[in-house]
Amino acid sequence: KQEVTQIPAALSVPEGENLVLNCSFTDSAIYNLQWFRQDPGKGLTSLLLIQSSQREQTSGRLNASLDKSSGRSTLYIAASQPGDSATYLCAVAPLRDDKIIFGKGTRLHILP
Amino acid sequence: ETGVTQTPRHLVMGMTNKKSLKCEQHLGHNAMYWYKQSAKKPLELMFVYSLEERVENNSVPSRFSPECPNSSHLFLHLHTLQPEDSALYLCASSLGTGLGGYTFGSGTRLTVV
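Chains as they are written, first to last, in the working numbering: chain A, 49 to 160; chain B, 14 to 126.
The following block holds chain A by itself, in its conformation from the complex (with noise of 0.2 angstroms):
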């Protein structure tokens, strides 16, 4: 059973730093991963979305790598700014299940 796990659970830093978040996974059988961000009291609102084939995904300051073989991938934020901080979700897509599994988050707060 894919099992998504994201790490840290929760990081402050200053603002202007870049950061790295992680998500691993368990099963390397994947369609596809997508980094969300999410929030208090809102929707998702998906950042990047990385295809199996893929190696990484650019968007802005944003940069999502993609190591299937490990079962690794990582989020970086350069330059980080205080509307940064949010709830960063992963998401797997295996390719024997019809849902996308979740991790639980890593609660990010930019400090001015």
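It is possible that some hints are incorrect.
[What the hints assert, rightly or not] Here are the simulated lysine-lysine pairs, DSSO-like style, with alpha carbons at most 30 angstroms apart:
#1 A:LYS152 <-> B:LYS54
#2 A:LYS90 <-> B:LYS54
#3 A:LYS116 <-> B:LYS32
#4 A:LYS49 <-> B:LYS32
#5 B:LYS54 <-> A:LYS49
#6 A:LYS49 <-> A:LYS152
#7 B:LYS54 <-> B:LYS35
#8 B:LYS35 <-> A:LYS116
#9 B:LYS31 <-> B:LYS53
#10 A:LYS90 <-> A:LYS152
#11 B:LYS35 <-> B:LYS49
#12 A:LYS152 <-> B:LYS53
#13 A:LYS90 <-> B:LYS32
#14 B:LYS31 <-> B:LYS49
#15 A:LYS90 <-> B:LYS31
#16 B:LYS31 <-> A:LYS49
#17 A:LYS152 <-> B:LYS35
#18 A:LYS116 <-> B:LYS54
#19 A:LYS90 <-> B:LYS35
#20 A:LYS116 <-> A:LYS152
#21 A:LYS116 <-> B:LYS31
[Stated by the list, open to error] What the simulated footprint calls covered on chain B by chain A, stretch by stretch (three residues with Cβ under 8 angstroms from a Cβ of chain A suffice, anywhere in the stretch; the number is not a length):
#22 52 to 59
#23 78 to 88
[Said to hold, decoys possible] One side only, chain B facing chain A, incomplete, derived with CB under 7 angstroms:
#24 LEU103
#25 GLY120
#26 THR124
These are calculated hints, taken from the structure and not from any lab test.
Note that this is a predicted model, so its numbers are computed, not measured.
Even glycine gets a Cβ: it sits at the ideal position worked out from N, Cα and C.
Go by the hints and put chain B onto chain A.
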């Protein structure tokens, strides 16, 4: 707007009321989902619809009744809810089940009094 629209954004209802949540997408997606998110808890998948057919029901109490009249619309009918049902209800859609690439709505914040 994300492409998935949920209404209402907020809902307060008594335990004897009947209300419905609505979700609409015009992304050409064939799969739609209802999720529940309680305070400080992970997302819980409630229902999955593929091409208007329910393909999964994750042991959800019968006081929650989904309806998918077409591939663009999804409803969640609520009746005789309990205070512990208060949560954020999120709708999502994807091109198909098993293909990932979900788009979520902004959610309905439900409070049962």
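Going down the list of hints, with the structure as the test:
The suggested pairing of LYS152 (chain A) with LYS54 (chain B) holds, with an alpha-carbon distance near 8 angstroms, which does not exceed 30 angstroms. Proximity of LYS90 (chain A) to LYS54 (chain B) is assessed by CA-CA distance (about 14 angstroms); at most 30 angstroms being required, the pair is judged to hold. Straight-line distance between C-alpha atoms of LYS116 (chain A) and LYS32 (chain B) comes to about 44 angstroms, which puts the hinted pair past the 30 angstroms bound. A C-alpha spacing of about 36 angstroms is found between LYS49 (chain A) and LYS32 (chain B), which places the hinted pair above 30 angstroms, so the restraint is violated.
Annotation: proposed proximity of LYS54 (chain B) to LYS49 (chain A) holds, straight-line Cα distance about 21 angstroms (limit 30 angstroms). Proximity of LYS49 (chain A) to LYS152 (chain A) is assessed by CA-CA distance (about 16 angstroms); at most 30 angstroms being required, the pair is judged to hold. Taking the CA atoms of LYS54 (chain B) and LYS35 (chain B), the gap is near 23 angstroms; set against the 30 angstroms cutoff, the hint holds. In summary, the hint linking LYS35 (chain B) to LYS116 (chain A) is not supported, as the alpha carbons are separated by about 37 angstroms, beyond the 30 angstroms threshold.
For the suggested pair LYS31 (chain B) and LYS53 (chain B), the alpha carbons sit about 27 angstroms apart, so the restraint of at most 30 angstroms is met. Among the hinted pairs, LYS90 (chain A) with LYS152 (chain A) is consistent with the structure: their alpha-carbon atoms are about 16 angstroms apart, no more than 30 angstroms. Note on LYS35 (chain B) and LYS49 (chain B): the hinted pairing holds, with a Cα-Cα distance of about 14 angstroms set against a maximum of 30 angstroms. For the hint pairing LYS152 (chain A) with LYS53 (chain B), the CA-to-CA distance comes to about 10 angstroms; that is within 30 angstroms, so the pair holds.
Taking the CA atoms of LYS90 (chain A) and LYS32 (chain B), the gap is near 21 angstroms; set against the 30 angstroms cutoff, the hint holds. A threshold of 30 angstroms between alpha carbons decides the hint, and for LYS31 (chain B) with LYS49 (chain B) the separation of about 18 angstroms falls inside it, so the pair holds. This hinted pair checks out: LYS90 (chain A) and LYS31 (chain B) have alpha carbons roughly 24 angstroms apart, not beyond 30 angstroms. A distance of roughly 37 angstroms separates the Cα atoms of LYS31 (chain B) and LYS49 (chain A); the hinted pair therefore is violated under the 30 angstroms criterion.
Only pairs whose Cα atoms come within 30 angstroms are accepted, and LYS152 (chain A) paired with LYS35 (chain B) is accepted, the gap being roughly 26 angstroms. A threshold of 30 angstroms between alpha carbons decides the hint, and for LYS116 (chain A) with LYS54 (chain B) the separation of about 28 angstroms falls inside it, so the pair holds. Pair hint LYS90 (chain A) plus LYS35 (chain B) holds up; C-alpha atoms about 16 angstroms apart against a cutoff of 30 angstroms. For the given pair, LYS116 (chain A) sits about 20 angstroms from LYS152 (chain A) by alpha-carbon distance, which is consistent with the 30 angstroms threshold.
For the given pair, LYS116 (chain A) sits about 46 angstroms from LYS31 (chain B) by alpha-carbon distance, which is inconsistent with the 30 angstroms threshold. Interface restraint, the segment 52 to 59 of chain B with chain A: holds (3 residues with C-beta to C-beta distance below 8 angstroms; minimum three). Under the rule that three or more residues need a Cβ within less than 8 angstroms of chain A, the assignment of the segment 78 to 88 of chain B is violated, with 0 such residues. Taken as an interface hint, LEU103 (chain B) checks out: its beta carbon lies about 6 angstroms from the nearest beta carbon of chain A, inside 7 angstroms.
Residue-level restraint check for GLY120 (chain B) holds (minimum Cβ-Cβ distance to chain A is 4 angstroms; threshold 7 angstroms). Taken as an interface hint, THR124 (chain B) does not check out: its beta carbon lies about 12 angstroms from the nearest beta carbon of chain A, beyond 7 angstroms.
Hints 3, 4, 8, 16, 21, 23 and 26 from the list above are not met by this structure, while the remaining hints are.
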